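Asker: What follows is each chain in one-letter form.
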Amino acid sequence: MIPILLFQTDTMKVATLQTLNSIWILFWFWLAIIEFAIILFLLIREKKRNTNLAFSDLTKDIVKKSKTTTINMDNLMNSINSSGELYKELSRKCHPDKFVNMPNQKNAEEIFQEISKNKRNFEKLLSLKQRAMNELNLNF
Amino acid sequence: MWYKIIVIIDWFGEMSERHRLIRDFNRAAKTSFINGRAPTLLETKITTGESDYRHAFSKFLGGGFRIKALSGKPLERDEMIEIGKVVLDNEELVRKLIALGWDTLEVHDSKGFNGLKWALKKHANIGGYLKQSE
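Protein chains in written order, with this note's numbering: chain A, 1 to 140; chain B, 1001 to 1134.
Just so you know, these hints were derived from the structure itself, not from any lab.
This structure is a prediction, so every number in the text was calculated from the model and none was measured.
All clues given are correct.
The calculated lysine-lysine pairs, modelled on BS3-like cross-linking and capped at a C-alpha distance of 25 Å, are:
{"#": "1", "chain 1": "B", "residue 1": "Lys1073", "chain 2": "B", "residue 2": "Lys1030"}
{"#": "2", "chain 1": "B", "residue 1": "Lys1117", "chain 2": "A", "residue 2": "Lys119"}
{"#": "3", "chain 1": "A", "residue 1": "Lys124", "chain 2": "A", "residue 2": "Lys93"}
{"#": "4", "chain 1": "A", "residue 1": "Lys124", "chain 2": "A", "residue 2": "Lys65"}
{"#": "5", "chain 1": "B", "residue 1": "Lys1085", "chain 2": "A", "residue 2": "Lys119"}
{"#": "6", "chain 1": "A", "residue 1": "Lys117", "chain 2": "B", "residue 2": "Lys1117"}
Can you make the complete structure from the sequences, with help from the hints?
Answerer: Structure follows, in structure tokens:
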């Protein structure tokens, strides 16, 4: 009697293990499917975003030219450090209100406009300073 | 086949141009600091950049152009804004940065983690750019 009972319990154990095993396989299968779906969704979203990016209508050939333009870094450094003071000085001395009813009023207006346009370009401001000295007879 | 070789050559050319720009900036910053024209020593480096500022030419994990104060006088917020504006006012430089794969301009002080960020695509004046390249 006892061995039969043992046998029965063993078969029951095997059966439960088999069902557990199949449940686990199913679980991992569905997990893999969900992961795959998430990856697919992320890839599609990334592709969509790339097509909506700025400048996506430009070809590489158009921007190729600007890759090799030379930038005057010394001018950039001078602009960072000294353009503010120079701009203040120039805008104060070349203000068109100081040249009202004078023959060089128009020149003063032009120079002032240029100064305002290039307020952060040190090189340009230096050339405008020279122009102001010549055309407006100013001393700095 | 030839197309792929050209793409690879372009990629290497682009990378060398990026590093040349960084090197030139750092050299000019160092020179002006040594000469006493600049109160703060600036240095640039490549960072990951801001993902919201990406554009079609952005480099993966290399879209940030960070200007950082290394030593000397600490930078005030107004000074950081001014540095950013000087760079953004230089249209040629902005276009070059965009063409070489940068999308974010960052200006940081020597202390702390706070800094300022600008999206380069907003300052590219792309209309003028297209006219010039025609």
